[in-house]
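Undergrad: So the number in our numbering is just where the residue sits in the sequence shown, counting from 1, plus 89.
Please keep in mind that the hints were generated in silico from the structure rather than gathered at the bench.
Each residue gets a CB set at the ideal place from its N, CA and C atoms; glycine is no exception.
Mixed in with the good hints there might be a few duds.
Okay, derived cross-link-like pairs now, DSS-like style, lysine-lysine, Cα gap no bigger than 30 Å in a straight line [what the hints assert, rightly or not]:
(1) K254 with K269
(2) K377 with K410
(3) K239 with K254
(4) K410 with K294
(5) K369 with K412
(6) K444 with K239
(7) K444 with K131
(8) K254 with K412
(9) K444 with K369
(10) K294 with K254
(11) K131 with K377
(12) K254 with K410
(13) K377 with K444
(14) K269 with K294
(15) K369 with K131
(16) K444 with K412
Cβ-Cβ distance ranges computed for the label pairs, FRET-style [claimed, not checked]:
(17) H431 with F130: 46 to 52 Å
(18) E301 with D340: 21 to 27 Å
(19) A427 with D215: 20 to 26 Å
(20) H199 with G315: 34 to 40 Å
(21) V257 with R338: 46 to 52 Å
(22) G315 with A212: 40 to 46 Å
(23) Q161 with L204: 37 to 43 Å
(24) L204 with D343: 32 to 38 Å
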Amino acid sequence: MALADDPWLKVFAFPDFAHMMDMSYPERVRHSCCALQDVAFKLEAPAWASRVNTACFAASLNFEDICALADQPMDASCTAGSTQSVSEEAALICLAGALDFGSGWREELHLHHGLGPWQTVRAGMDNIIAACPDMRADWLYSLRMVDVAKYFGLQSEALHEFVQKLHVVLRELGETLLEKGYPNLQEFVMFSVDAFYQDETAAAKLVQVLAETFPNAFQDFDQFSGLPIYFYKKAQSVVNELYERFHLRDDRFDFADVRLMTANVDPLVISVLRREHVVKTTLELATKLDMHAPLPSGGRAEVALRAAATAALEDIASIGKLKGYDVSPLTLGNYLWACLGHIDKPLCFARHITKDTTYY
């Protein structure tokens, strides 16, 4: 990189950001999203986390319920009840994580076949596995757009862009596996897990491997006024699901640092936090959200919303820990999504719509 292109030259006034390149990937998320809140007003951010309202919202939460949710055994939603081997299931979790996006296409998908984004992806995965059970690298790489549209049931001009993004992710999986000498996704996942067996930072390193190996699927970061802001939502979700599914069965998946993952923030979680006035926005952005106007991926509004929600959940989890509860941002985000987002869905604010992303 030429010196003139170095993004750090633009942020010399904000030293909190410059040291993050030496951090683990989850720590980059935590520090960049929280540090952005400290300079949000100076940068005229369209969305930010209110620390006053964060404390008020935390006071309204039942942290015992949140911890009870965390203690419940969880199966990865794409493999629950599976009779496959550990390695086969692990590959399936990775594939599901790579394809778990399309939240901005919710309305079009429901109009097309009555299914939401995840249900659409799950049905497509079932068809892919039926066609190629071992998910061979050469087969994934050979897929054409017309094949992807068929497997996912998306033969519609209105969904062409979404199909195109699914195709990009699937083709990248196959192409990269071939380049690195892996015959299938199963071999890659298990090699990566074995490489960090009993490593104290195994979860963080697996997040990094996923992001660096398959950037179209997992390299989830952007910039805000020249400041690098990290998310890695799907990569962290995959690693957490691997842990939840297997850590009691196979100690290779008992990642010591899994609770250091940051929250799984999606548009529903953000809408809950907006409803509770934890994530605050400018009037201009609030109007756009209420009118369901799409936000471009990497734009100031989209990055600010995601960062504000991520930082807010870090603050709320810290308050829970001060009260003596063993609550992580990841657990807290899952609670907001499942209990406050879906149960109280009619009370939620409008979810933001971003179509041009493969990260959520």
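Undergrad: Is the straight-line distance between the alpha-carbon of K131 and that of K377 30 Å or less?
TA: 22 Å, holds
Undergrad: Straight-line Cα separation of K444 and K412 no greater than 30 Å?
TA: Answer violated: K444 to K412 is near 40 Å, above 30 Å.
Undergrad: Compare the distance between the alpha carbons of K254 and K412 with 30 Å, and conclude whether the hinted pair is satisfied.
TA: 44 Å, violated
Undergrad: With respect to the beta-carbon atoms only, verify the hint that G315 and A212 lie 40 to 46 Å apart.
TA: 41 Å, holds
Undergrad: V257 and R338, beta-carbon distance inside 46 to 52 Å?
TA: Since the Cβ atoms of V257 and R338 sit about 34 Å apart, the hinted range of 46 to 52 Å is violated.
Undergrad: K294 and K254 were given as a pair; does the straight-line alpha-carbon distance stay at or below 30 Å?
TA: With a Cα-Cα distance of about 26 Å, the restraint between K294 and K254 holds, given a limit of 30 Å.
Undergrad: Take the C-alpha atoms of K410 and K294, compute the straight-line distance between them, and say whether it is at most 30 Å.
TA: The given pair, whose Cα atoms are some 25 Å apart, holds under the 30 Å limit.
Undergrad: So does A427 sit 20 to 26 Å from D215, Cβ to Cβ?
TA: Check passed, 23 Å falls within 20 to 26 Å.
Undergrad: Run the distance test for K239 versus K254: straight-line Cα separation, threshold 30 Å.
TA: 14 Å, holds
Undergrad: Is the hinted pair K444 and K369 satisfied, with a Cα-Cα distance of at most 30 Å?
TA: 22 Å, holds
Undergrad: Has the hinted range 21 to 27 Å been met by the Cβ atoms of E301 and D340?
TA: 25 Å, holds
Undergrad: Check the hint pairing K269 with K294 against an upper bound of 30 Å on the C-alpha distance.
TA: Since the Cα atoms of K269 and K294 sit roughly 18 Å apart, the hinted pair holds (cutoff 30 Å).
Hints 2, 8, 12, 16, 17, 21 and 23, counting from the list given before, are not met by this structure.
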